[in-house]
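Input sequences plus hints: build the corresponding full structure.
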Amino acid sequence: MIELTPEIVGAYLARSVPGWETIQISSMDRLPLGASRETFRIDASVTAADGKKTDYKMILRRDPPASLVDSDRLTEYESYRAIYGHGIPVPQMIHLEMDPEQLGGAISIAEDMRGFHNSEYQFDMEPWCNHIPKLAEQMWSYMGKLAAVEIDGLGLESFMDPATVETAAKQQLDFWVSKFRRNCICPDPIMEAAIRTLERTCPVAKKLAMVHGDFRAGNFLYDEAGDIHAILDWEMAHIGDPLEDLTWSLNRGFCFGKDDRRSGLVSREEAIAIWEKASGMTADPAALAWYELFSCVKAQSLWASAANVWQSGENRDIILAYASWWLQNTENKAMLEIMGRL
Amino acid sequence: MKPDISLVLQDHATRLAESIVPKLSGFEANGAAMMSAMLVMIGEEWERGAARRVEENTAIRALFTQALPLVTDAALSTRIKALAAGHDEDLHISALDKANAELRTELIALQTHVEGLDSDAARGVNDAIWAELSASVKRRALSSANF
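Quick note, the sequences are listed as chains A and B, same order. Mapping to our numbering: the first sequence position 36 is 117, numbers consecutive. Mapping to our numbering: the second sequence position 68 is 55, numbers consecutive.
No wet-lab data here; the hints were simulated from the structure. Treat the hints with care, since some could be wrong.
Said to hold, decoys possible - Computed list of lysine to aspartate or glutamate pairs in DMTMM-like fashion (alpha-carbon distance at most 25 angstroms, straight line):
1. A:Lys251 / A:Glu395
2. B:Lys10 / A:Glu201
3. A:Lys339 / A:Asp205
4. B:Lys125 / A:Asp340
5. B:Lys68 / A:Asp269
6. B:Lys125 / A:Asp269
7. B:Lys10 / A:Asp205
8. A:Lys134 / A:Glu192
9. A:Lys138 / B:Asp84
10. A:Lys339 / B:Asp(-2)
11. A:Lys138 / A:Asp180
12. A:Lys226 / A:Glu418
13. A:Lys260 / B:Asp84
14. B:Lys85 / A:Glu395
Dropping the structure here:
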């Protein structure tokens, strides 16, 4: 896999982005974001065909040869474009390259929204500890708004698998169980018991929505006043039951305050109440319980995959080993809690 | 081995986090911080690694012995009977892990089997399996975990 340098990226952009004649990259740094993709921050001066110069602040994301997430650049890029302008703050997309030969992996380039924070570990510090209710209100309200967006007309069917209210839950369960089966390198009796439990009955969705797929603390940008400016990381987006996003955000693995506050912000009940108000929906307790257990299965599938790609040598990023060590037992414990067996 | 390995790992983790990480930035700082956190996890696992594996393997063998009279699947019965008679003679972590994987594979098969049996005795075995699974997450718990 080629190492990306300013020269390589600049030359690629000049020959690939329509209207960009010359590119001068003044800085390019890899960011410590996410476990699934390489992310670079780029400052560039672009000269157009008419000689006009424009300064760009960009985020370049590249698919690695192996990762814990299987989706491709197309899904994230088109998901951002589909939801842009529908009340959910997201950065604008600039360019997509699906040919892995160009830069050693498919890449997408987006507007870089600078000056904000994304860390999920600092909510209990000044000044954010003063804004926790505000952050929670916005996080679950945006999630609820996403659930309320009608998907007809978003064009999702051109790059996402179709689903129905009857099949959405089973499709996602089958997808993540299959991924787990392909990547599991040590037997996991709790995970298997959870899968059997979920397979006994799947809920019918009240409606279909664009599901973000990784909507949690750590995947939004916020400022010192506690205002959220963008929802990021749409690479696992799909058509499904909006309860999936809600329960993912409630997962115990994301209790970064190491207490009962979900996503390190507010209680499970408070989060659900905010989401219900914003979405206009009521979270059915039985369906909620199913999706909460499913969120653990999905997470465990991700961490098992992270362990496998690291162990096999396909991808030796530190975060893959770290996340799999740190989170697999947590998900097992969360599964037991949800199944009433802890 | 002196100084104690867990103590050395804890000390190195602290030095890495407090002295080296602040001198780095961005991707490198994040990587070093994760390595520091992993050293703490390794230190915890070093101390308990063999003990928790032996404890778990012994507990699963006992479950197999308890379940044997109930099992109606002949092949499963043969497998768990053989495993129940085993012992952890080789205490290398790799050997204990290999035994643990074999035991947990059959524990999955056993629980799936007893879930399909309709008797108080089967439910009792299933409850015992759940109790062992609950104990297993406590054995593996990391002090840095969110939950």
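Problem set entry | In rising order, the numbers of the hints this structure does not comply with | Checked against the structure, the hints that fail are numbers 1, 9, 12, while the rest are satisfied.
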